[in-house]
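Chemist: Here are the chains, one letter per residue:
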Amino acid sequence: MSNRVPGVDPSTSSSSTSVTRVTPSRRLFSTIEGVFNEEVFFLILCVFIGIFSGLAVVCFRLAIDWTHLALLGPLPQTHNWRLFAVPSLAGLVVAVLVLHVFPGIRGSGVNQTKAALYIFNGFIPFRTAVGKFICSGLAIGSGQSLGPEDPSLQIGASIASALGRQLEISREKLRLMAPVGAAAGLAAAFNAPISAVLFVIEEVIGRWSAGILGSVVLSAVASVVIVRSFLGSEPLFRIPVTAFKGPSELLAYAVLGIVGGLASVVFAKSIGYLRPRLKALPRWTQYFQPALAGLIVGLIGFLGFPQVMGAGYASMDEAMHGQYAWKILALLAVLKIVATTVSFVSGSPGGMFAPTLFIGAMLGGAVGGIEHIFFPQLTGSTGTYVLVGMGVLFAGFLRVPMTSVFMVLEVSGNYEIIVPVIVANTFSYLVSRSLQTVPIFDLLTRQDGLILPSLEEDREEAILRVEDAMLSVPKTILSAQDYVDANFRRVQDSTDSAFLVRMHPSGWNIITRDKLQRLYQEGKGELTLASVLPAQSLPSLYPDLALDSAIRYVNDYSLIPVVNRADSRRLEGVVSRDSVFRKYGGMSAVEVPSAT
Amino acid sequence: MSWKVPKLIPRSAPVILLVLTLAAASGFAAVSHLVNRYTANQQARGRKLHAQGQIDMQAGRYEDAITAFRAALTCDPANSQYQLSLARALRDSNDPRRLDEAESYLLALWQRTPQDAAINLALARLQAHRGDIESATRYYHNAMYGVWDSDLDGNRNRARIELIKFLLQRTARAQADSELIALAASLPLDDPGEHLQAAQLFSQAQDYDGALAQYEQVLRVDPSNSDALAGAGETAYRSGNYTGAERYLRLAVEHNPEDSASRQLLASSNLVLGADPFHSFISDAERNRRITAAFAQAEERLTHCAQQLGIDLKAMDNPPSSSALAGLQARWLLTQPDLKLLRSPAETDLPDAIMDVVFQIEQQTAASCGAPEGLDLALLLISRKREAASQ
Numbered sequence: 060m061s062n063r064v065p066g067v068d069p070s071t072s073s074s075s076t077s078v079t080r081v082t083p084s085r086r087l088f089s090t091i092e093g094v095f096n097e098e099v100f101f102l103i104l105c106v107f108i109g110i111f112s113g114l115a116v117v118c119f120r121l122a123i124d125w126t127h128l129a130l131l132g133p134l135p136q137t138h139n140w141r142l143f144a145v146p147s148l149a150g151l152v153v154a155v156l157v158l159h160v161f162p163g164i165r166g167s168g169v170n171q172t173k174a175a176l177y178i179f180n181g182f183i184p185f186r187t188a189v190g191k192f193i194c195s196g197l198a199i200g201s202g203q204s205l206g207p208e209d210p211s212l213q214i215g216a217s218i219a220s221a222l223g224r225q226l227e228i229s230r231e232k233l234r235l236m237a238p239v240g241a242a243a244g245l246a247a248a249f250n251a252p253i254s255a256v257l258f259v260i261e262e263v264i265g266r267w268s269a270g271i272l273g274s275v276v277l278s279a280v281a282s283v284v285i286v287r288s289f290l291g292s293e294p295l296f297r298i299p300v301t302a303f304k305g306p307s308e309l310l311a312y313a314v315l316g317i318v319g320g321l322a323s324v325v326f327a328k329s330i331g332y333l334r335p336r337l338k339a340l341p342r343w344t345q346y347f348q349p350a351l352a353g354l355i356v357g358l359i360g361f362l363g364f365p366q367v368m369g370a371g372y373a374s375m376d377e378a379m380h381g382q383y384a385w386k387i388l389a390l391l392a393v394l395k396i397v398a399t400t401v402s403f404v405s406g407s408p409g410g411m412f413a414p415t416l417f418i419g420a421m422l423g424g425a426v427g428g429i430e431h432i433f434f435p436q437l438t439g440s441t442g443t444y445v446l447v448g449m450g451v452l453f454a455g456f457l458r459v460p461m462t463s464v465f466m467v468l469e470v471s472g473n474y475e476i477i478v479p480v481i482v483a484n485t486f487s488y489l490v491s492r493s494l495q496t497v498p499i500f501d502l503l504t505r506q507d508g509l510i511l512p513s514l515e516e517d518r519e520e521a522i523l524r525v526e527d528a529m530l531s532v533p534k535t536i537l538s539a540q541d542y543v544d545a546n547f548r549r550v551q552d553s554t555d556s557a558f559l560v561r562m563h564p565s566g567w568n569i570i571t572r573d574k575l576q577r578l579y580q581e582g583k584g585e586l587t588l589a590s591v592l593p594a595q596s597l598p599s600l601y602p603d604l605a606l607d608s609a610i611r612y613v614n615d616y617s618l619i620p621v622v623n624r625a626d627s628r629r630l631e632g633v634v635s636r637d638s639v640f641r642k643y644g645g646m647s648a649v650e651v652p653s654a655t
Numbered sequence: 096m097s098w099k100v101p102k103l104i105p106r107s108a109p110v111i112l113l114v115l116t117l118a119a120a121s122g123f124a125a126v127s128h129l130v131n132r133y134t135a136n137q138q139a140r141g142r143k144l145h146a147q148g149q150i151d152m153q154a155g156r157y158e159d160a161i162t163a164f165r166a167a168l169t170c171d172p173a174n175s176q177y178q179l180s181l182a183r184a185l186r187d188s189n190d191p192r193r194l195d196e197a198e199s200y201l202l203a204l205w206q207r208t209p210q211d212a213a214i215n216l217a218l219a220r221l222q223a224h225r226g227d228i229e230s231a232t233r234y235y236h237n238a239m240y241g242v243w244d245s246d247l248d249g250n251r252n253r254a255r256i257e258l259i260k261f262l263l264q265r266t267a268r269a270q271a272d273s274e275l276i277a278l279a280a281s282l283p284l285d286d287p288g289e290h291l292q293a294a295q296l297f298s299q300a301q302d303y304d305g306a307l308a309q310y311e312q313v314l315r316v317d318p319s320n321s322d323a324l325a326g327a328g329e330t331a332y333r334s335g336n337y338t339g340a341e342r343y344l345r346l347a348v349e350h351n352p353e354d355s356a357s358r359q360l361l362a363s364s365n366l367v368l369g370a371d372p373f374h375s376f377i378s379d380a381e382r383n384r385r386i387t388a389a390f391a392q393a394e395e396r397l398t399h400c401a402q403q404l405g406i407d408l409k410a411m412d413n414p415p416s417s418s419a420l421a422g423l424q425a426r427w428l429l430t431q432p433d434l435k436l437l438r439s440p441a442e443t444d445l446p447d448a449i450m451d452v453v454f455q456i457e458q459q460t461a462a463s464c465g466a467p468e469g470l471d472l473a474l475l476l477i478s479r480k481r482e483a484a485s486q
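Listed in order, the protein sequences are those of chains B and C.
Just add 59 to wherever you are in the first sequence, counting from 1, and you've got my numbering.
Just add 95 to wherever you are in the second sequence, counting from 1, and you've got my numbering.
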């Protein structure tokens, strides 16, 4: 890792100061320059990434709004020919742009950002940001059932990557630029920094890493500040009064979780089934796929459900305030799954966050409505079920359980519903995981021929610990304060070849039978073991440590003591080279899931 | 096509940061300009849609108004006036499912400016729609003591009057009474219109003394106000003050001869005054004459009522439902000989005893055969007045 600021050549700067008189301003400049080591510089850079991403996302949102207003009007009315004509024509334009000008911007952008981190050393072409901005803006603004969040994430990542390359920062830092920019973009789009940070950790980085957390948080907060300064701090929804009265109501939310989990599976399987098949069709069909998707979505709108068009935040808001009967809500959920599936698999660039929230919201309201018919004593309002439903689909479809909980809390600003949200999300997550083993983003990545690390796999990976390879405490343990001859007599009955020695006042050492015998024969029987053993103690391990930590010692020591964390003199057991490798040898081979 | 951006930034940390700062500032300025222009356009569009919504709202086209206000809000989502208008339209659309949405808009506005009287009044009306007396009263009070743009006292009184009407509608008499007292104290002395309205509210609350006081206040400022005269007469009539009623109603009829309701009440008042044997300032002979006439009238009313119901009062096998009328017939016959003793100075309780039979007959026949007319009505009113006085 380079520890200097990129581009600064110390040799040239020192030679120049040696031949010219150092002025005060020059001295000040040098002092300032000295302050910026790479770590500090990177953190400051993260703030700038947040600012630039925030500005880009503000423009992106304006572009979507403007496109929507210009093409469909402020409130699209049913039975208007524009409803199906506009998305179809816009789909044609998008297809031409995607195939000829901006290749590689299909889909949501989350996978591409993850691939940039793990495969392309943080490289995302700046063209991606431009393409995503134009094509997603046109697709979403014209009514395709896609959301602006994932494109915002990729725009942020692309800006960060471009900036990192411009500044020639080290490869390690450049790799981190993508998630930093992604967090900034997503936080700006959602106006929710915590959820954005958690999503990036859960889905983009794919593992918990304290090292990058600070940078990601800085960029996310900076971008949210920028967005709020332009677009106000109004939340995405006007949250109705929500309340959670008693534990018995949790059953109702558990049912919602199960239904949400099933819906997530249907949604994910539909995309997983159709996407590769449409991609496999002849290239000329790809010019018409987005247009066909636009036609289908437009027809749904034309026939009476314009709510499914676009991101649909206004409709979610209306559902939250009990504007639709449960039958309409259920129908909207089904139609949105259809509309989003066709929009997404057609290759139109756009995200799945908003549609996921929409489906969850409608499903939550519908399930809540049905439950109220059969159990009128339930106190949860429609708004509460809608909010919980959003989290349910997030947990089940996107498979980001942490993000799903915090997203609902951040969007609602209401901590009273945390218990229903956790219960429902857990059920949804478990149902979805048991019926659809591969999460949607991993599925899409594998369909594209890539295999990237995933936090879910990480969570499920069996970790071997020291206690798994631990042998029981040896019968013969020698004391360093006893004489050699006394210790020699004690080992006579043992068949072991090496013995642990308890040092005084603490620590452990090891001595072989042969060495003990040699000392005895050399007439050193009157000496204590402490005086003849090397001063350096034997390393000791704890039972809960990963077994990997034992590997570095097993070649040097035949026995390694495993001690209690509360009392290092208390021996819990020992590990040996054989016991460690026997454990690794017993593990089954890591399975690589197939592409589908 | 090459998309490589040339390396433009110098290779020195302070300079890089300076350049990034300048770029961020420029970007901020550029986006500000863009957002301002866009916002201005949107606001203009929003104003147009809002104005359309107001027209629809005034015409009672709530669905169109809601659509227009929603569209206005998509153009200018943070505009509190649009939010308030939409909330009002949602509230007034007579769709109970929309009350929640209206409430969330209003609560969001209320959290920003809890002292705003218009928002509190809108919230109060919403809670009134729901029938939540406690919340509605709280918001009405907030509105009364909140910040109004103009005409503080007038708006405050109007809000209180609305609250009183709501409380009376929900039969929350005790709360309405306290609000009426506060209203009476806050009304300007020289505004007959407001006192007239207050008097009607007092009357609705069956606080006839309070109502009469308000009507009299109107008459002090405008003695020929026929509404006040009729109202005062009716209030006095309802409270059993037939002398006062006669005075006000006579003046009311004089000022407005077409006021048939007052004329009818005046006739009833005159009948009561002419038939009441307990009226002060009448001679013993007159009292006895009135008692005798009332007794005869009661018998006639009883007979007519029995005929109307198909009951033969002389038959022995009357159904149980007719036993009340038959019992009264028996009491009447039993009391009839006492009429001759009326002149006796020793029989001081006799007028009350005879009139008690009359009153019972009038009350029972009113219950069995419907509202009486003429002298019977007068006797019934006298009986109620006597009852009220004894309670």
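No lab work stands behind these hints, which were simulated from the structure alone.
Some hints here could point you the wrong way.
Stated by the list, open to error - Not close to chain C: a few residues of chain B, all C-beta gaps over 10 angstroms, as computed: (1) E293; (2) R297; (3) L351; (4) A389; (5) F434; (6) V532; (7) D555; (8) P564; (9) T587.
Stated by the list, open to error - A short, non-exhaustive set of chain C residues, derived as facing chain B with CB atoms under 10 angstroms: (10) S127; (11) A139; (12) R140; (13) Q176; (14) L179.
Claimed, not checked - Covered by chain B, according to a simulated footprint, are these stretches of chain C (three or more residues, beta-carbon under 8 angstroms): (15) 164–170; (16) 273–284; (17) 388–395.
Every residue gets a Cβ at the ideal spot worked out from N, C-alpha and C, and that includes glycine.
Chemist: None of the hints should be skipped; say for each whether it holds.
Modeler: Evaluation of the provided hints:
Non-interface call for E293 (chain B) relative to chain C: violated, since the shortest CB-CB distance, roughly 6 angstroms, does not exceed 10 angstroms. Its beta-carbon lying about 5 angstroms from the closest one in chain C, R297 (chain B) breaks the requirement of being farther than 10 angstroms from that chain. The claim that L351 (chain B) is not at the interface with chain C holds, since no C-beta of that chain comes within 10 angstroms of its own (minimum 28 angstroms). With a least CB separation of 16 angstroms from chain C, A389 (chain B) remains clear of the 10 angstroms interface cut-off, as annotated.
Residue placement check: F434 (chain B) keeps its beta carbon more than 10 angstroms from all beta carbons of chain C (closest about 19 angstroms). Residue placement check: V532 (chain B) keeps its beta carbon more than 10 angstroms from all beta carbons of chain C (closest about 57 angstroms). With a closest Cβ-Cβ approach of about 61 angstroms to chain C, D555 (chain B) is found to remain outside the 10 angstroms limit, as its non-interface label requires. A cut-off of 10 angstroms between C-beta atoms confirms that P564 (chain B) is not in contact with chain C; the least separation is 52 angstroms.
Against the 10 angstroms criterion, T587 (chain B) stays outside the reach of chain C, whose nearest CB is about 60 angstroms from its own CB. Interface restraint check: S127 (chain C) against chain B, minimum CB-CB distance 7 angstroms, threshold 10 angstroms, status holds. Checking A139 (chain C) against chain B by beta carbon gives a least distance of about 12 angstroms; that is not within 10 angstroms, so the hint is violated. The beta carbon of R140 (chain C) comes within 7 angstroms of a beta carbon in chain B, closer than 10 angstroms, and the hint placing it at the interface holds.
The interface hint given for Q176 (chain C) is violated, since its Cβ lies 15 angstroms from the closest Cβ of chain B, which is over the 10 angstroms cut-off. The interface hint given for L179 (chain C) is violated, since its Cβ lies 13 angstroms from the closest Cβ of chain B, which is over the 10 angstroms cut-off. Residue count for the stretch 164–170 of chain C with a Cβ under 8 angstroms from a Cβ of chain B: 4. That meets the three needed, and the coverage hint holds. Look at the stretch 273–284 of chain C against chain B: 0 of its residues bring a Cβ nearer than 8 angstroms to a Cβ of that chain, fewer than three, so the hint is violated.
Using a Cβ-Cβ cut-off of 8 angstroms, 0 residues of the stretch 388–395 of chain C lie near chain B, which falls short of the minimum of three, so the contact claim is violated.
Of the hints listed earlier, those the structure fails to meet are numbers 1, 2, 11, 13, 14, 16, 17, in rising order.
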